[in-house]
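Undergrad: Sequence:
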Amino acid sequence: DEGYRKGYAPPAATRNIKGITIDATKGVITIETSSSAGNGTLLLVPFTDNAGTPTVLPAPNATDSVAPGVVQWRCLVKGSTAVAGVSPPDNALAAKYAPAECR
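Each residue of the sequence shown is one higher than the one before, starting from 52 at the first, in the working numbering.
Don't take every hint at face value.
[Claimed, not checked] With a cut-off of at most 30 Å between alpha-carbon atoms, the simulated BS3-like pairs for lysine-lysine come out as follows: (1) 69 x 147; (2) 77 x 147; (3) 69 x 129; (4) 129 x 147.
In case anyone wonders, no lab produced these hints; they're calculated from the structure.
Bear in mind the structure is a predicted one, so any value in this text is a computation, not a measurement.
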């Protein structure tokens, strides 16, 4: 099932990016960087705010229903706090290599 990946075609690797994937069930975008860009993993985590608690997006279904509320995004880099049950990976990108919005 393609879920949140539906219609996505990964771009070719570049000098700075090894690859980009999207998790089918949670919509988390994983960006793997090369050694010239910090050699780590940056996560972009979508979530909704459920009464003050960040909540993972609902599982996609055949009717293509949307998440309730406003979808927000948080970057996870080395040292970030988990959001909606998603933690930075062991090989998380150092914050100094992340976009300014993610530091």
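Undergrad: Now look at each hint and say whether the structure bears it out.
TA: Here's how the hints hold up against the structure:
Of the pairs offered as hints, the one joining residue 69 and residue 147 holds, with about 18 Å between alpha carbons and a cut-off of 30 Å not exceeded. Distance restraint check for residue 77 and residue 147: the Cα-Cα separation of roughly 26 Å lies within the 30 Å cut-off, and the hinted pair is therefore satisfied. Taking the CA atoms of residue 69 and residue 129, the gap is near 18 Å; set against the 30 Å cutoff, the hint holds. Between the alpha carbons of residue 129 and residue 147 the distance comes to roughly 10 Å, so the proposed pair stays at or under 30 Å and holds.
The structure agrees with every numbered hint stated previously.
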